[in-house]
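**Student:** Residues per chain are reported as follows:
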Amino acid sequence: MHRTLFWRASALASVVFAWANSDALAHGFAGNRFFPATILTDDPFVADEISLPTVTLDPTADDGTREFDIGPDLSKRITPNLGITLGTDWVHLKSPGSPVQTGFDGLDTGLQYQLFINGPHEAMGLVGLNVNWGNVGNVRAVGAPDFTTLSPTIAFGKGFGDLPDSLPWLRPFAVTGNLSVDFPTKAESDGMPNPNNFNYGFAVEYSLEYLQHYVRDVGLKAPFDRLIPLVEFALTTPLNRGQGGMTTGTVQPGIIWAGQYFQVGAEMIIPTNNQSGHGIGGVFQLHFYLDDLFPNGIGKPMSEW
Amino acid sequence: MRRLATALLAAAALFGAAHGALAHAFLDHASPAVGSTVPMPPPNVRLWFTQELEPAFSTLTVTDKAGNRVDRGDGTVDAKDPTELHAGLKSLPPGTYKVAWRVVSVDSHRTEGDFTFTVGGR
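Just so you know, the sequences run in chain order F and P.
Residues 1 to 305 (the working numbering) are what the first sequence spells out, left to right.
Residues 1001 to 1122 (the working numbering) are what the second sequence spells out, left to right.
Hints in this document: simulated from the structure, not taken from any laboratory.
There's no promise every hint is true.
Taking beta-carbon pairs under 8 Å as the criterion, some of the chain F residues facing chain P (in silico) [said to hold, decoys possible]:
id : residue
1  : His27
2  : Phe29
3  : Asn32
4  : Asp162
5  : Asp165
6  : Pro168
7  : Tyr214
8  : Arg216
9  : Pro295
Calculated lysine-lysine pairs in the DSSO-like style (CA-CA distance at most 30 Å, straight line) [unchecked claim]:
id : chain 1 : residue 1 : chain 2 : residue 2
10 : F       : Lys221    : P       : Lys1080
11 : F       : Lys186    : F       : Lys94
12 : P       : Lys1065   : P       : Lys1098
13 : P       : Lys1090   : P       : Lys1080
14 : P       : Lys1098   : F       : Lys221
15 : P       : Lys1098   : P       : Lys1080
So the derived label-pair ranges between C-beta atoms look like this [what the hints assert, rightly or not]:
id : chain 1 : residue 1 : chain 2 : residue 2 : range
16 : P       : Asn1044   : F       : Pro120    : 21 to 31 Å
17 : F       : Thr247    : P       : Pro1039   : 48 to 58 Å
18 : F       : Trp133    : P       : Lys1065   : 50 to 60 Å
19 : P       : Glu1052   : F       : Val127    : 30 to 40 Å
20 : F       : Ile280    : P       : Pro1042   : 45 to 55 Å
21 : P       : Pro1093   : F       : Met302    : 47 to 57 Å
22 : P       : Thr1059   : F       : Pro229    : 25 to 35 Å
23 : F       : Pro164    : P       : Pro1093   : 18 to 28 Å
Everything numeric in this text was worked out from a predicted model, so none of it was measured.
Note that CB positions come from ideal geometry on N, CA and C, so glycine has one too.
Chain F with its partners taken away, still in its complex shape (with noise of 0.2 Å):
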């Protein structure tokens, strides 16, 4: 008897403490505003989220090398404003003249706090620090990374609800974009120079959720109102030994259905020039939300402090 009151008592301080708790929402909302979480645009929330697979094919490298990789990316609040990020890929790569190279790429985590989210703006802003360990995958056989890179980054996610409504077809529109720095913990590798980098990249996106169900009622049925039709950027500029102003990049046009419990996207890669690749590539994601999965595990912060 008392152990049911302790849990309905429990349940209800929860409720009490998700109800009072507005700036402390997962899964990318807003106010209005739901930001799914992009495949090449770092997500400006922090999540218990886990993206399985992600599967790549890059445009073909300079040297006609095709890479494929496939891997997963695991987010988890520790707290209900502190998260950390997980994920590798295993890398397949097969060069003209060479035979086929397998293995894993190297190890990548985060570690990220959410700033601010602001409702009536759909605004939210994230500081992190990222790292790629070095020496963990495969470096010989994929040219996985001998030498571990530091990422102070910040991330920032603006929708346009809040335009006014003499603009009702503009309002669907949300911005993401990040901005980081790699610091390289080894200055050259086998004679090939680490550079600084200056990464940016971000992403457009029109949110049929949006307009179906906060701007006026078009008559989209489901699957069609959880559309998100998006474009992703990336580029990626070397800030000093001798690979100055080199800038790499990717256009990813793509698009992205959200539901309840997951998420599917599907994205082109186009590279931005030829040091980039050439010809065009793909990408797929199956992305879950272990917040709505797993409301009362693995899905909620461990703590709530």
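Given chain F's structure and the hints, the job is docking chain P onto it.
**Tutor:** Same frame as chain F, but now just chain P:
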């Protein structure tokens, strides 16, 4: 590669086992419809969500352009259909009205949102 595929299948099976889980409540549809123009003042506003709602923590308000409440203050989760939230409306003159909702699904996920509708074709 085979091990990786096996691990992925095992993970998929694990998530499949969570079939009975609940989730964030999204707005499914509303009456009057989101962004619509209705010729006559509706007697109430009704919202249907994708999940069952927690009545004690789910609210609905309707305001006019000046921010004055025009609902009857009786916003509540429907007793028979726990995915429906509704509120009675005062007699509305022509104009645009804002419907704002904050709901907690029965597993404590909170969502909120708002939309407008117009009476009288103004």
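**Student:** Against this structure, judge whether each hint is valid.
**Tutor:** Taking the hints in turn, this is what the structure says about them:
no., hint, result
1, His27, "7 Å, holds"
2, Phe29, "7 Å, holds"
3, Asn32, "5 Å, holds"
4, Asp162, "11 Å, violated"
5, Asp165, "7 Å, holds"
6, Pro168, "7 Å, holds"
7, Tyr214, "5 Å, holds"
8, Arg216, "3 Å, holds"
9, Pro295, "5 Å, holds"
10, Lys221/F with Lys1080/P, "24 Å, holds"
11, Lys186/F with Lys94/F, "27 Å, holds"
12, Lys1065/P with Lys1098/P, "8 Å, holds"
13, Lys1090/P with Lys1080/P, "24 Å, holds"
14, Lys1098/P with Lys221/F, "23 Å, holds"
15, Lys1098/P with Lys1080/P, "26 Å, holds"
16, Asn1044/P with Pro120/F: 21 to 31 Å, "26 Å, holds"
17, Thr247/F with Pro1039/P: 48 to 58 Å, "57 Å, holds"
18, Trp133/F with Lys1065/P: 50 to 60 Å, "56 Å, holds"
19, Glu1052/P with Val127/F: 30 to 40 Å, "37 Å, holds"
20, Ile280/F with Pro1042/P: 45 to 55 Å, "51 Å, holds"
21, Pro1093/P with Met302/F: 47 to 57 Å, "53 Å, holds"
22, Thr1059/P with Pro229/F: 25 to 35 Å, "33 Å, holds"
23, Pro164/F with Pro1093/P: 18 to 28 Å, "23 Å, holds"
Hint check: a violation occurs at hint 4 only; the rest are consistent with the structure.
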